[in-house]
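Go by the hints and put chain B onto chain A.
2 protein chains.
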Amino acid sequence: MGKKLTKRSEDYSKWYNELVVKADLAENSGVRGCMVIKPYGYAIWEKMQAELDRMFKETGHENAYFPLFIPKSYFSKEASHIEGFAKECAVVTHYRLKNAEDGSGIIVDPDAKLEEELIVRPTSETIIWDTYRRWIQSYRDLPLLINQWANVVRWEMRTRLFLRTAEFLWQEGHTAHATKEEAVAEAEQMMHVYAEFAEEHMAMPVIKGVKTESERFAGALETYCIEALMQDGKALQAGTSHFLGQNFAKAFDVKFATKEGKQEYVWATSWGVSTRLMGALVMTHSDDNGLVLPPKLAPIQVVIVPIYKGLEQLDAIADRVAPLVKELRTKGISVKFDKRDTHKPGFKFNEYELKGVPVRLAIGQRDMDNGTFEVARRDTLEKVTVNADEVVSKIQFLLDDIQKNIYKKALDYRKEHITKVDSYDEFKAVLESKGGFIAAHWDGTVATEDLIKEETKATIRCVPLDAEEENGVCMVTGKPSKKRVLFAKAY
Amino acid sequence: MGKKLTKRSEDYSKWYNELVVKADLAENSGVRGCMVIKPYGYAIWEKMQAELDRMFKETGHENAYFPLFIPKSYFSKEASHIEGFAKECAVVTHYRLKNAEDGSGIIVDPDAKLEEELIVRPTSETIIWDTYRRWIQSYRDLPLLINQWANVVRWEMRTRLFLRTAEFLWQEGHTAHATKEEAVAEAEQMMHVYAEFAEEHMAMPVIKGVKTESERFAGALETYCIEALMQDGKALQAGTSHFLGQNFAKAFDVKFATKEGKQEYVWATSWGVSTRLMGALVMTHSDDNGLVLPPKLAPIQVVIVPIYKGLEQLDAIADRVAPLVKELRTKGISVKFDKRDTHKPGFKFNEYELKGVPVRLAIGQRDMDNGTFEVARRDTLEKVTVNADEVVSKIQFLLDDIQKNIYKKALDYRKEHITKVDSYDEFKAVLESKGGFIAAHWDGTVATEDLIKEETKATIRCVPLDAEEENGVCMVTGKPSKKRVLFAKAY
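These protein sequence lines map, in sequence, to chains A and B.
Position one of the first sequence corresponds to residue 8 (the working numbering), numbered consecutively onward.
Position one of the second sequence corresponds to residue 8 (the working numbering), numbered consecutively onward.
Hints are computed from structural coordinates only; laboratory data are not their basis.
In this text the structure is predicted, and so the values were computed from the model without any measurement.
Where a beta carbon is used, it is the ideal one built from N, C-alpha and C, also for glycine.
Do not take every clue at face value.
[What the hints assert, rightly or not] With a Cα cut of at most 30 Å, we get these calculated DSS-like pairs of lysine-lysine:
| no. | chain 1 | residue 1 | chain 2 | residue 2 |
| --- | --- | --- | --- | --- |
| 1 | A | K411 | A | K29 |
| 2 | B | K120 | A | K105 |
| 3 | A | K401 | B | K64 |
[Stated by the list, open to error] Reference listing, derived: stretches of chain A covered by chain B, where coverage requires no fewer than 3 residues with Cβ under 8 Å from a Cβ of chain B:
| no. | stretch |
| --- | --- |
| 4 | 72–79 |
| 5 | 108–115 |
Pulled out of the complex, with its shape left as it was, chain A reads as follows (with noise of 0.2 Å):
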């Protein structure tokens, strides 16, 4: 367990450097901005899929797997999207190494070049689009409902465990529509499902809205998206989805024969969401102590410590929690036992807090004289005497509340962090004292955008779906503006 975690409030960053390591979510590997996802960590992801895919599979998606290497040629097909990736990407170049003539090691074959340069996907539009040129004839072929769960790489320079990471995993669906309308409802819908899973799933509140022309995908007419906002006022990108337009289908000439027997282009989307989503969990609730888990996420639920003094006291506490363990298994409550005999109590306690195990019972010789259990909740702290007949109905009632409680504490928090402003004086002053969302008119102009992305590292994060019409002047030209747009700075 190590020494104590460092507090948000003195080196927020440093906390969720540390938090991540010592809760056994992962760590850096020994190549470079590549991490490893420990057991904890991966479970963690392992739960989040499975609600993911569900969810996928539910509006009518189905799971395919496309090559990791995308032809150099291929990337230079759609021109904004090139300018978007070239920047960041791994380059195969060889597919041989051999022994060095003069004995000194392994070597680079140079006789075993490509012929053309591989990337290794830093996302698929291009090597799928390629592949639904062959697929897609007919308006019978649509729609075509596409998700693959992949890993891609993006050569980051500066690189934080599941925040940016030069390797990452994430899903990708690529869907294909007939007309213009059903893309951009696809769209939509999948931004759509993504604020349902960040919020009932990892009790993470989230904006749904669209992003400004300078922060779109490369090779996307519009980007939909949620944002969340984490503890120190940071807004962090927690998943988006495109509408392509015919960008990618003239590219790579995807036509489909209409009913009527006319060749036209086919309309696309792209969506995913990636283990920064696990980043994005760990500091949406974790507090000092470590780790706070949303009870719907969390691979142990229920933890149950025994406190006692030799073998026989175990035994005894083992026999009276055997069958609890057994009824909250059935109930599809995953619980763990923890009878290690080289690890105290007081280690354990810390070691579950760490972890963010939502439910924790501890049971010792006077809970076995009374009949009852010690009960602690992870988000709150709080502890309490629970008679062992009612100890179920109280894990149920305590694993729905703290997933409830996680989630309007982050609500709360994002409420009072969403500031309205009407001057640039009044916004820099809010996003040094205060930070969180910035609700500001804006002239609608890149120029005027990367002004104050200069002169304050704030961008826009999304234009709100909810936003409400309202005639304003833009704080930075005066120019007219129809509705507020939301700054912050951001992971």
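Frame of chain A, contents of chain B only:
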């Protein structure tokens, strides 16, 4: 649907290639040697994954994720490992593209050359043992039982869909143990897990055994395997489990403190199965009409095809079918009611035959009048008429019976195709005329094994676990031998 499949008897290899594509399992991509796994194929793989993952977790393993890239120097640390894998790997040498100065397009930026080249993992022993050094200090940290689901790349020169592709999907287990006995037991256990999966779920009989020294995994002291027999008499290695001794622990300096406080090297295993199993599944059961899928892995277990004239009849059939669909789903049976009006029933019958759907129901006006369904099973192509009130139990019986029947059929085929021979001439004759496994005595030397391979293309698939002790003489050299080994030509 296009024209008919090539018959197996005409050209087995062509039959396989056509079937994989026509049944929508996979296809070649624009990237040399890399396949696209199509939704129907991926749905089968997902079922395999789910079952294997359950079995791994039941035997105490946890999932994690390690980097895609491995620094070149890691590879060199285990001598026999680099020998085995250096010849066929994708090498990342640069991390950026840029616009060519002469305007000719996108080129690899020569200024973005990596200091040390990165290998796209062909298998992850090296990166994982580099990580385990940080995770293992004491006997308390052992055993470490970890699995990873991942993509890997081996630069094969001749590729075939599923059987041999440059990129493939797999799982790789990597475990660490305090004692040799425990590690050997783990490697054996996983061979048994694989065999159980193959037989119970894929309905594919396998022979368990160990590899000879020259067929072992690069870096292993013992390789356990399961070997299956395809319908053309060629063997297919379906899964391997390696006892790695202390080779990787020594290469990566992974020691642990024993209970007594001594420092010792850790003992290791690794084990894997891949999308190659998809090829094995296809080749074990399928026939000249298309796929035959075991019900336990079929994405669609039951399809219902309406035979109707006009929308009114279709609506009436849909009403009759709806409660049946619901009841089957409640029982966990996946069912599809194909009411497309763009295709005729005959077309649909062929399509579901091609795709290996185990049970097909058809219902037309006469069935509506009589309260019956026509029920066809894919394995034998038998059709019977069944009363509506008996159709659910008939379907349940068939799903169970088809699973058993195709296993028995494959087992009978294999029994007929294990031939004992006692002379090298007989060996060559059987190999050419009948194929299959040949049980023969061998003197235990690499030289003889190599000679046989060179002269006949047959390799020793394994020394079967259940091989009887039997005094004999090597069919080639006449030297003494204590048991027969299994030879075959193999995929």
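Each hint tested on the structure:
Distance restraint check for K411 (chain A) and K29 (chain A): the Cα-Cα separation of roughly 26 Å lies within the 30 Å cut-off, and the hinted pair is therefore satisfied. For the proposed pair K120 (chain B) and K105 (chain A), the alpha carbon gap of about 19 Å is at most 30 Å, so the pair holds. At most 30 Å may separate the alpha-carbon atoms for a hinted pair to count; K401 (chain A) and K64 (chain B) meet this at roughly 29 Å. Restraint check on the stretch 72–79 of chain A versus chain B: 8 residues with Cβ-Cβ distances below 8 Å, three needed, restraint holds.
Figure legend: the stretch 108–115 of chain A, annotated as covered by chain B; annotation consistent (3 residues with Cβ-Cβ distances under 8 Å, at least 3 required).
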